[in-house]
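*Asks:* Use the sequences and the hints to build the structure in full.
Residues per chain are reported as follows:
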Amino acid sequence: MSLLDVRAVSKNYGTLTALSSVDMVVATREFHGLIGPNGSGKSTMLKCLAGAEIPSAGRIHLAGRDITTLSPQERSRAGLSLKFQITSIFPELAVYDNMLIALQARQSIAGLLRSSSRDVLHAKVTDSLDRFLLRDRQYDMAGELSHGQQQWLEIAMALALEPRLLLLDEPTAGMSPQERRATGKLLQPVRQQCSLLIVEHDLDFIKDICDFLTVLDQGQVVASGPVTEVQNDARVKEVYLANV
Amino acid sequence: MPDVRRTTISVLTAIELALLALALALPPFLENFWVLFITKIFILSLLAISFDLVWGYAGMMSFGQALFFGASGYVAALLSQKTGISSVFVLLPAAALAGLLLALLIAVLVILGKRTPSLAFVALGTMTGSYVIERLARGWSYVGGQNGISSLARLTVGDFEIEEGILFCYMALGVLVVIYLLCRWLVRSQFGLVLAGVRQHEGRIAFLGYNVQTFKAVIFSFAGVIAGISGALFAFHEGFVGPGQLGPVLSTQVVLYVLFGGVGTLVGAIIGVAVLELMNFLTPQVEFFGPVVKKFLETGWPILLGVLLLVTVLFRPTGLMGFVMRDRSRSPLFGKKEAAGDAASAERS
Numbered sequence: 001m002s003l004l005d006v007r008a009v010s011k012n013y014g015t016l017t018a019l020s021s022v023d024m025v026v027a028t029r030e031f032h033g034l035i036g037p038n039g040s041g042k043s044t045m046l047k048c049l050a051g052a053e054i055p056s057a058g059r060i061h062l063a064g065r066d067i068t069t070l071s072p073q074e075r076s077r078a079g080l081s082l083k084f085q086i087t088s089i090f091p092e093l094a095v096y097d098n099m100l101i102a103l104q105a106r107q108s109i110a111g112l113l114r115s116s117s118r119d120v121l122h123a124k125v126t127d128s129l130d131r132f133l134l135r136d137r138q139y140d141m142a143g144e145l146s147h148g149q150q151q152w153l154e155i156a157m158a159l160a161l162e163p164r165l166l167l168l169d170e171p172t173a174g175m176s177p178q179e180r181r182a183t184g185k186l187l188q189p190v191r192q193q194c195s196l197l198i199v200e201h202d203l204d205f206i207k208d209i210c211d212f213l214t215v216l217d218q219g220q221v222v223a224s225g226p227v228t229e230v231q232n233d234a235r236v237k238e239v240y241l242a243n244v
Numbered sequence: 245m246p247d248v249r250r251t252t253i254s255v256l257t258a259i260e261l262a263l264l265a266l267a268l269a270l271p272p273f274l275e276n277f278w279v280l281f282i283t284k285i286f287i288l289s290l291l292a293i294s295f296d297l298v299w300g301y302a303g304m305m306s307f308g309q310a311l312f313f314g315a316s317g318y319v320a321a322l323l324s325q326k327t328g329i330s331s332v333f334v335l336l337p338a339a340a341l342a343g344l345l346l347a348l349l350i351a352v353l354v355i356l357g358k359r360t361p362s363l364a365f366v367a368l369g370t371m372t373g374s375y376v377i378e379r380l381a382r383g384w385s386y387v388g389g390q391n392g393i394s395s396l397a398r399l400t401v402g403d404f405e406i407e408e409g410i411l412f413c414y415m416a417l418g419v420l421v422v423i424y425l426l427c428r429w430l431v432r433s434q435f436g437l438v439l440a441g442v443r444q445h446e447g448r449i450a451f452l453g454y455n456v457q458t459f460k461a462v463i464f465s466f467a468g469v470i471a472g473i474s475g476a477l478f479a480f481h482e483g484f485v486g487p488g489q490l491g492p493v494l495s496t497q498v499v500l501y502v503l504f505g506g507v508g509t510l511v512g513a514i515i516g517v518a519v520l521e522l523m524n525f526l527t528p529q530v531e532f533f534g535p536v537v538k539k540f541l542e543t544g545w546p547i548l549l550g551v552l553l554l555v556t557v558l559f560r561p562t563g564l565m566g567f568v569m570r571d572r573s574r575s576p577l578f579g580k581k582e583a584a585g586d587a588a589s590a591e592r593s
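Residue numbers (my numbering), protein chains in the order written: chain R, 1 to 244; chain U, 245 to 593.
These are calculated hints, taken from the structure and not from any lab test.
Careful, some of the hints might be misleading.
Claimed, not checked - Partial list, derived from the structure: chain R residues whose beta carbon lies under 10 Å from chain U: (1) G64; (2) I67; (3) L80; (4) S88; (5) N98; (6) I101; (7) Y139; (8) Q218.
Virtual Cβ for every residue (Gly too), placed ideally from N, Cα, C.
*Replies:* Here it is, written out as structure tokens:
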């Protein structure tokens with residue numbers, strides 16, 4: 001069953017066409033990679049999905065609900081979560097409090113004023129930090145973590161919202177090879193929880209982790225399908241995967 | 245590794261307690277002029293705290309806090325004059341309500357929209373509101389026009405009149421302490437954690453599903469309540485309310501108090517008011533450096549003040565409190581408390 005359904009989405013900036021009638025489907029529990037050369041429209045697509053941009057044409061449905069024009073917070077409540085390309089955590093808050101701030105996002109303002117969910121969420125905070133190997137850094141400021149650990153923290157925060165679909169914008173950018181391998185391992189269990197849509201430059205990483213690929217070039221879909229099929233596609237090889 | 249955070253919080257608490265002890269002990273030993281002077285400091289501290297909540301904690305630059313301060317002063321003064329009511333238990337809540345309603349109105353116009361408003365939009369929107377209301381008050385004879393409303397009756401508790409002096413001073417201190425503690429609790433709650441998030445990365449907070457505008461509107465309205473109470477106390481302490489209490493000049497003065505004392509620290513707002521008001525009063529009277537310097541200070545003191553503030557903002561943007569308090573200790577530290585809790589439960593078991 002399709003979880004994310006992108007139909008004929010276009011995005012124009014004046015006379016520049018960043019996306020031209022893009023179709024894309026992500027199924028439930030699927031790990032889907034979105035790749036393409038620089039300027040292919042990946043980031044614009046992600047912005048349209050996240051709500052940072054509104055498409056010029058076309059519709060986006062998440063679990064049957066039209067989210068095309070919803071605000072970021074409404075999309076979040078509809079089950080969409082994301083990790084930004086530039087690490088977006090709260091550097092002057094403790095790692096523990098970063099996690100708490102994500103986990104308490106569904107609480108009412110009255111509840112937050114009373115700090116009523118703090119004890120209830122404690123186990124969830126420590127579990128999430130355990131899962132992403134951050135428990136021993138929980139009382140450090142998030143800004144003091146290594147780049148890779150900051151990325152993990154952000155993924156953990158995005159998952160705290162129990163999303164149906166998690167968008168990851170270049171999750172391994174700037175990571176060491178060890179951190180990349182660890183990230184792949186950390187993401188595997190996410191399959192039990194939600195679908196993933198990953199924009200990534202590291203093709204080895206994306207081939208290892210994803211089931212399906214969509215390849216964009218000049219704002220259009222060049223190919224879409226299972227990884228093995230797409231990487232053997234002649235046109236894909238021509239525009240992007242020539243060296244793979 | 246030394247526990248820096250716990251140390252800085254202790255320093256903060258020590259400063260708070262020392263200031264409270266000083267404020268409690270000092271009034272009986274002061275001449276009446278100085279009692280009136282520190283009462284004014286207590287009242288203006290409330291206004292400064294209201295701005296600190298809005299700017300220092302929620303990241304909204306309000307150049308219109310005097311709007312809520314002055315308008316609530318007018319409401320309380322008119323209520324007292326037209327109905328003869330002087331009870332502090334009626335006039336202060338009425339002023340708080342006026343502050344709340346006005347802040348809600350401005351929040352609807354400036355803050356609550358589909359997208360988060362920019363810093364400049366909020367600053368200009370609030371400043372415009374402050375300016376418009378001041379002009380309105382100056383031209384409206386019902387509220388005394390340029391002259392404002394004077395000869396206000398004294399506040400009462402039952403049949404007892406609260407005379408300006410020691411009694412009023414302690415009442416203002418009492419209100420300041422209660423509101424300070426309320427704000428301290430608020431900024432250190434899970435709600436305060438969201439505010440810290442808004443300050444550090446507003447975009448991320450929105451993508452986590454929080455409605456940033458609602459949080460901002462809540463804190464803005466609460467600040468309006470505090471400014472309202474402050475405005476009514478000021479009006480009845482001075483026995484007068486005028487257009488100057490509404491406008492951008494006082495609104496800007498509040499910004500300077502907080503920038504100088506320390507943004508986002510609460511106690512810094514009080515220190516900023518106290519230090520700047522004392523300097524404002526004392527510096528033009530300094531004779532120590534001779535008659536030429538004295539003459540300069542009498543007329544040129546605002547220039548010196550301006551330079552001092554510029555230096556503060558350029559070299560110590562965290563204000564005076566920045567010398568003793570690290571930026572990170574402005575935010576709640578739930579993780580740290582859990583650490584203490586874990587240690588305590590480990591000891592018990």
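*Asks:* Now tell me, hint by hint, if it's right for this structure.
*Replies:* Now for the hints, and whether the structure bears them out:
no.: 1; hint: G64; in the structure: violated, 20 Å
no.: 2; hint: I67; in the structure: violated, 13 Å
no.: 3; hint: L80; in the structure: holds, 9 Å
no.: 4; hint: S88; in the structure: holds, 4 Å
no.: 5; hint: N98; in the structure: holds, 8 Å
no.: 6; hint: I101; in the structure: holds, 5 Å
no.: 7; hint: Y139; in the structure: holds, 5 Å
no.: 8; hint: Q218; in the structure: violated, 28 Å
Consistency note: the structure conflicts with the earlier hints numbered 1, 2 and 8.
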